[in-house]
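Let the hints inform the model, and build the full structure from the sequences given.
Chain residues, written in single-letter form:
There are 2 protein chains.
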Amino acid sequence: MKKITVMGGGTGTFVTLSGLKQYPIDLGVIVNMMDSGGSTGRLRVQLGVLPPGDIRQCFVALSEAPELWRKLFLYRFENGDLEGHNFGNIFLSALEKVSENYDEVLKTVGYVLKTKGSVLPVTYEKTQLCAEYESGVVVQGEGNIDENISEKSRIKKAFLEPSVSANKNAVDRILESDMIVIGPGDLYTSIIPLLLVDGIAEALKKTHAKLVYVVNLMTKSGQTNGYNVSDHVNDLERYIGRKLDYILVHNGKIESSIVKWYVSHHEQQVNDDIGSDSRVIRLGLADNTIVTAHKSDALARSILRHDSKKLADALVNLIDTL
Amino acid sequence: MKKITVMGGGTGTFVTLSGLKQYPIDLGVIVNMMDSGGSTGRLRVQLGVLPPGDIRQCFVALSEAPELWRKLFLYRFENGDLEGHNFGNIFLSALEKVSENYDEVLKTVGYVLKTKGSVLPVTYEKTQLCAEYESGVVVQGEGNIDENISEKSRIKKAFLEPSVSANKNAVDRILESDMIVIGPGDLYTSIIPLLLVDGIAEALKKTHAKLVYVVNLMTKSGQTNGYNVSDHVNDLERYIGRKLDYILVHNGKIESSIVKWYVSHHEQQVNDDIGSDSRVIRLGLADNTIVTAHKSDALARSILRHDSKKLADALVNLIDTL
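So the protein lines, in turn, are chains A and B.
Numbering follows my numbering, with no gaps: position 212 of the first sequence is 212.
Numbering follows my numbering, with no gaps: position 21 of the second sequence is 21.
What follows is a list of derived Cβ distance ranges for each label pair:
| no. | chain 1 | residue 1 | chain 2 | residue 2 | range |
| --- | --- | --- | --- | --- | --- |
| 1 | B | Gly80 | A | Asp320 | 43 to 51 Å |
| 2 | A | Asn101 | B | Lys260 | 39 to 47 Å |
| 3 | A | Arg238 | B | Glu104 | 47 to 55 Å |
| 4 | B | Gly80 | A | Asp26 | 34 to 42 Å |
| 5 | B | Glu83 | A | Glu176 | 42 to 50 Å |
Restricting the straight-line Cα-Cα distance to at most 20 Å, the calculated cross-link-like pairs of lysine to aspartate or glutamate (DMTMM-like) are:
| no. | chain 1 | residue 1 | chain 2 | residue 2 |
| --- | --- | --- | --- | --- |
| 6 | B | Lys97 | A | Glu83 |
| 7 | B | Lys71 | A | Glu104 |
| 8 | B | Lys114 | A | Glu104 |
| 9 | A | Lys107 | B | Glu67 |
| 10 | A | Lys71 | B | Asp103 |
| 11 | B | Lys97 | A | Glu78 |
| 12 | B | Lys71 | A | Glu96 |
| 13 | A | Lys97 | B | Glu78 |
| 14 | A | Lys97 | B | Glu67 |
| 15 | A | Lys71 | B | Glu100 |
| 16 | A | Lys97 | B | Asp81 |
| 17 | B | Lys97 | A | Glu67 |
| 18 | A | Lys97 | B | Glu83 |
| 19 | A | Lys71 | B | Glu96 |
| 20 | A | Lys71 | B | Glu104 |
| 21 | B | Lys107 | A | Glu67 |
| 22 | B | Lys206 | B | Asp172 |
| 23 | A | Lys107 | B | Glu64 |
| 24 | B | Lys71 | A | Asp103 |
Over the 10 Å line for every Cβ pair with chain A, so calculated as not near, a few chain B residues:
| no. | residue |
| --- | --- |
| 25 | Lys126 |
| 26 | Glu147 |
| 27 | Tyr262 |
| 28 | His265 |
| 29 | Asn271 |
| 30 | Asp277 |
| 31 | Arg282 |
| 32 | Asp287 |
Keep in mind that the hints were calculated from the coordinates and are not lab data.
Each residue gets a CB set at the ideal place from its N, CA and C atoms; glycine is no exception.
Next comes the structure, spelled out in structure tokens:
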């Protein structure tokens with residue numbers, strides 16, 4: 001059975017995992033542990049727990065439990081003391097408090113949610129993502145970088161404070177995989193943080209797995225303003241220290257009302273400037289359904305998403321040719 | 001298999017169920033749904049859910065899941081937005097929000113905690129407990145009555161506002177039981193509220209089950225000040241409208257340091273004034289272990305408890321003679 005490992009943590013990873021789990025493959029995900037915004041950020045500070053948000057989304061994406069359990073883990077309280085907190089985040093936080101170690105947490109959540117595949121935190125150590133912009137400004141905290149949307153200069157350097165070591169199981173998984181899927185996801189807050197963990201880039205350089213990058217559909221304000229496909233690829237390769245093997249680029253239509261929404265947020269479709277590079281695979285990958293953002297919706301952060309079936313089909317077709 | 005049904009909701013019920021679950025009996029509990037204090041009270045008001053606290057304690061008491069799950073459901077957050085909230089209460093509240101109905105909630109919690117026996121809310125309708133004192137004062141809300149410890153006059157009348165109907169399954173359970181165990185528990189905030197639900201006292205009058213009352217060890221300020229055993233029995237029989245069949249009274253020693261703690265809270269050992277009543281069974285039933293109250297301890301509300309094994313032994317021995 002072919003071994004595919006997804007790297008990420010946010011909405012894009014949720015979509016990718018939801019699609020891939022339908023196929024008979026050995027599926028795993030290496031999860032970003034730098035989230036510091038919203039409910040996750042508050043729980044980190046107030047309870048001293050590891051960030052639960054991305055872990056929770058991955059578990060739900062891979063869950064084969066009845067729909068009720070998936071709804072429960074995505075439920076967000078709308079009133080009172082618990083307002084804005086996600087139940088799944090609270091579950092993971094309380095479980096961390098009563099468990100012997102984080103492996104026990106993962107095992108217990110996997111059991112409850114009947115998870116198909118491996119969910120591997122990229123690290124078990126606590127750290128904060130930092131970004132130094134070309135303007136000289138340094139912002140600390142993934143949540144703050146994510147919200148720093150008025151920043152016009154590019155990110156010169158992303159780093160972790162303090163530096164942390166990779167989860168050994170994540171490193172082993174990278175070395176044993178046939179394919180590593182990077183993205184889609186916010187380049188500097190979901191993808192690159194994984195590569196900053198000591199041991200991850202090294203493993204990606206060493207592995208025989210094919211590295212597949214799924215390029216985002218839209219730019220992100222304050223993070224990838226005006227980025228073309230080549231900018232995404234160049235930044236990513238710089239942090240990995242190795243060339244990507246395949247680059248998946250959406251080449252179909254995007255619903256004009258969706259594009260309009262993004263333009264009003266100073267964001268636009270990522271321009272495909274990469275030309276006839278033999279590594280590029282161009283396909284219609286976008287889900288043009290208009291997503292109405294809702295507080296309790298796990299996917300509220302982006303209104304345009306990859307289509308989970310089209311993306312999974314493309315990845316599985318690709319691995320079959322290897 | 002003999003059918004025993006416990007009625008209550010607080011610490012005393014937790015102790016009784018923990019003991020009885022070790023025996024091969026058909027065990028059930030009819031749970032008070034009037035709690036309005038602490039974490040439960042805040043969740044009721046802020047989220048509009050049914051009170052989760054007593055339900056949660058009963059599920060944990062009857063759980064045969066690994067210790068981790070029991071610890072998780074009793075875990076109380078000590079910091080931040082979630083401070084003072086119990087994880088089990090949050091679990092029940094979120095589950096109620098995403099479930100079709102409350103039966104689905106009960107089924108799901110029972111599945112997770114691998115519950116032995118039936119947990120039956122006395123009602124599925126929302127209501128508040130009210131107490132009218134001989135002084136003329138009326139206090140609304142179980143939590144407020146519980147905290148009204150400076151009240152010196154007796155409770156003249158307890159009632160529910162609004163009146164609510166019994167859960168049909170609870171009524172059926174009463175009618176089919178061989179023994180109904182009432183108490184131990186706070187007379188006016190844990191026990192009598194159950195009897196105020198339309199249909200419960202009627203079922204208790206009609207059933208062929210033996211009614212066994214486990215008398216509290218200590219009085220409770222503002223609720224049973226100066227109550228002897230006969231006062232407890234008289235008040236209880238007045239609300240049921242039927243004579244009790246057996247009355248279990250502790251007759252052993254109570255550790256003097258524990259008595260001292262209660263005296264400093266204007267509470268004392270319940271005086272056994274009931275004489276040679278043939279319904280009375282006198283046994284050493286107290287657990288003289290000194291319990292250190294701790295915020296995250298499910299049993300923090302009373303430092304003296306019945307011994308769960310001694311109490312269960314007494315009840316099972318009694319049912320064997322019927």
